[in-house]
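Engineer: Residue-level listing of the chains:
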Amino acid sequence: MNVLECRNLTKNYGSKTALDSVNITLESGRITGLLGPNGSGKTTLIKLACRLLVPTQGDISICGNQPGVETKKIVSYLPDRNYLPEWMNCRDLIYLYEDFYEDFDTQRAVDMIRSLNIDHKIPMKKMSKGTKEKLQLILTMSRRAKLYLLDEPIAGVDPAARDYILHTILSNYDEDASILISTHLIADVESVLDEAIFLKEGKVILQDSVDSIREQSGKSLDEHFREVFRCWES
Amino acid sequence: MLGKLMKYDLKAAFRSFAPLYLALLGMSVIIGLFGRFNAEGNSVLAFIAIVYGVTMIICWVIPIVILTLRFKRNLLGDEGYLSFSLPVSTLEHIVAKVLSALVITVVCALVVVLSFLIIGLISADFEQLRNAMQQIMSAFSQIFDANLLPQIFKAVVFSILTSVELISQIYLALAIGHLVKDHETLAAVGAFIGINVILSLVMNVIHLPNMLESAGLYYVYSIALTALFTSLTWLILDRNLNLG
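Going down the list, the protein sequences come from chains A and B.
End of the first sequence sits at 234 in my numbering; the numbers just go up one at a time, nothing left out.
End of the second sequence sits at 1244 in my numbering; the numbers just go up one at a time, nothing left out.
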């Protein structure tokens, strides 16, 4: 079953084209890397799937529905910034997620927060940057969603935190759910990916399984990515 | 979901208002006690009375400032990524903000009335208070040549409706400002002024009669404007949202 489907998806910001006739299909139960340099359209694609943007042309659907209230019930989204209210503490945030998301697993969130020794009374504004990012990921991965959209989940954190984040992602998603991870740090995520989508200047230049890419190119995904984008720049 | 959105809006807003309201009520008690023990002319009382007056003005202004900032941060700032990811329609978000503004305006009015009552009840005994109220009521009745209570009621309802109308106008101005990248605040201020100019032109054309005589007409006008501002805000945020 296709969890996410884009057909001729185009998004313009004024005269600038951020996404250009993108065709993508994500199947359930797969972890896909949305890979490309900064400004390639990764965040725009994810925002369109979350209906934080409206397409200029083309279609996008999640489990057969256009992005909207129904799809937001089954999509768990991690933006690439601190998006949680600064005055809230862990307890407030858990109540908020419980209130709005039927698929939120409170026990899972509480267990992960305990394992990190985060004081549940401290408001977000008093937490370190790393703790905030981990807490955001915990809340996102504590939902039993059909599709997880993770925008740059490992950018700007130290290697130890990256390991924690990847471990959290891998150990908390249901097998029939799909994950789309946007990143330009290929080496760090390569080991967890089933598929990869290369995005360059708003266009999809490659979508294939990671095994197939390795087999055909004779290189690791990271090496192949560097080679492809070096070719583009020369 | 509307109720849940309002719950979090009101919780966030009252966190900011609560200290101010408590300060106002606390000062009311102090002023009442000074009045009780005949301390008129006391310089401390004069100082507290001035602070009370300033706090009272702030109590009317601050809700508008806080509601404006809350809308900007919660829907158009980084928190917008959370708000617009919730399984809630854009219209529900905006209606929740307008209804929360209504609740906050009513609570603000009630706190001010409560503050007057506290001063009155502490500084005078019930008999004195009743006599004073009767004198005030008869004086006003003579001035307006009508029963005072219905007029006060009309004026209170009208001021609450116009406060909510003003706040929904600010929300629309913020939404218009959101369309102009890099100069959002400037564009929002320009939009607010522009809407006021248009409304003044409309008022010059339709010539509404005296508010106290035709209160119903004013209520309908105010509610219609609030609905129009809310609909336009929804249209902009639903079709043209572009969080930075």
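These are calculated hints, taken from the structure and not from any lab test.
There could be a bad hint or two in this list.
[What the hints assert, rightly or not] Estimated spans, in silico, between C-beta atoms of each pair:
id, chain 1, residue 1, chain 2, residue 2, range
1, B, Ile-1136, A, Lys-129, 32 to 40 Å
2, A, Lys-126, B, Gly-1244, 56 to 64 Å
3, B, Val-1112, A, Arg-108, 30 to 38 Å
[Said to hold, decoys possible] Here are the computed lysine-lysine pairs in the DSS-like style, where the Cα-Cα straight-line distance is at most 27 Å:
id, chain 1, residue 1, chain 2, residue 2
4, B, Lys-1004, A, Lys-121
5, B, Lys-1181, A, Lys-73
6, A, Lys-121, B, Lys-1007
7, A, Lys-126, B, Lys-1011
8, B, Lys-1007, A, Lys-125
9, A, Lys-125, B, Lys-1072
10, A, Lys-126, B, Lys-1004
Here the structure is a predicted model, which means the values were calculated and not measured.
Quick reminder that beta carbons are idealized off the backbone N, C-alpha and C, glycines included.
Engineer: Each hint needs a verdict: does it hold in this structure or not?
Structural biologist: Evaluated hints:
no., hint, result
1, Ile-1136(B) <-> Lys-129(A): 32 to 40 Å, "59 Å, violated"
2, Lys-126(A) <-> Gly-1244(B): 56 to 64 Å, "25 Å, violated"
3, Val-1112(B) <-> Arg-108(A): 30 to 38 Å, "47 Å, violated"
4, Lys-1004(B) <-> Lys-121(A), "22 Å, holds"
5, Lys-1181(B) <-> Lys-73(A), "30 Å, violated"
6, Lys-121(A) <-> Lys-1007(B), "20 Å, holds"
7, Lys-126(A) <-> Lys-1011(B), "20 Å, holds"
8, Lys-1007(B) <-> Lys-125(A), "21 Å, holds"
9, Lys-125(A) <-> Lys-1072(B), "18 Å, holds"
10, Lys-126(A) <-> Lys-1004(B), "26 Å, holds"
Of the hints listed earlier, those the structure fails to meet are numbers 1, 2, 3, 5, in rising order.
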